[in-house]
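Each residue of the sequence shown is one higher than the last, beginning at 412 in our numbering.
Keep in mind the hints are simulated off the structure, nothing from the lab.
It cannot be assumed that every hint is accurate.
As the list claims (entries may be wrong) - Heads up, simulated BS3-like pairs for lysine-lysine below, C-alpha to C-alpha not over 25 Å straight-line:
1) Lys520 <-> Lys493
2) Lys420 <-> Lys513
3) Lys522 <-> Lys463
4) Lys420 <-> Lys463
5) Lys493 <-> Lys463
6) Lys493 <-> Lys513
Given the structure is predicted, the values throughout are model-derived calculations rather than measurements.
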Amino acid sequence: LHDILTALKWVHSNIASFGGDPDNIVLFGQGAGAIAASLFLTVPSALPLFNKLVISGATVYTLKALKGTTNEYGDGSDNNIKLADRLAEAVGCGSSIAENPKDTVDCLKGKIALLICLLKP
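Just need the whole structure built from these sequences, with the hints factored in.
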């Protein structure tokens, strides 16, 4: 992660020399890079270095979602439902995605992504 942080610092300091805007930097992560990029939401010294985050794949919290209890199929999906219910409740979108999936998802879409990303599962 230190290499990414060093690169972010360099880009933030030098982007204006290339015609870019230091107040409009997008951090992008794909695959395993998405997990690394999502970690930067928890690093206070990194937050001023980028203004937007695009995650294409998992986040650091996905690893926790994939662990835990399993259902009768052995795939762990009931743990994902429990995690989704906790997330929905934490941001004021009800408490059961299984009972009210459309309303819950519509509510979650209206929430600020940073708020959701900063929640601990």
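Hint by hint, here is what the structure shows:
Between Lys520 and Lys493 the CA atoms are separated by roughly 18 Å; this keeps the pair inside 25 Å, and the hint holds. Distance hint between Lys420 and Lys513 is unfulfilled; the C-alpha atoms sit about 41 Å from each other, more than 25 Å. Distance check on the hinted pair: Lys522 and Lys463 sit about 15 Å apart at the alpha-carbon level, within 25 Å; holds. Annotation: proposed proximity of Lys420 to Lys463 holds, straight-line Cα distance about 15 Å (limit 25 Å).
For the proposed pair Lys493 and Lys463, the alpha carbon gap of about 28 Å is over 25 Å, so the pair is violated. Between Lys493 and Lys513 the alpha-carbon distance is near 16 Å, which keeps this suggested pair within the 25 Å criterion.
In this structure, the earlier hints numbered 2 and 5 are contradicted, and the remaining ones agree with it.
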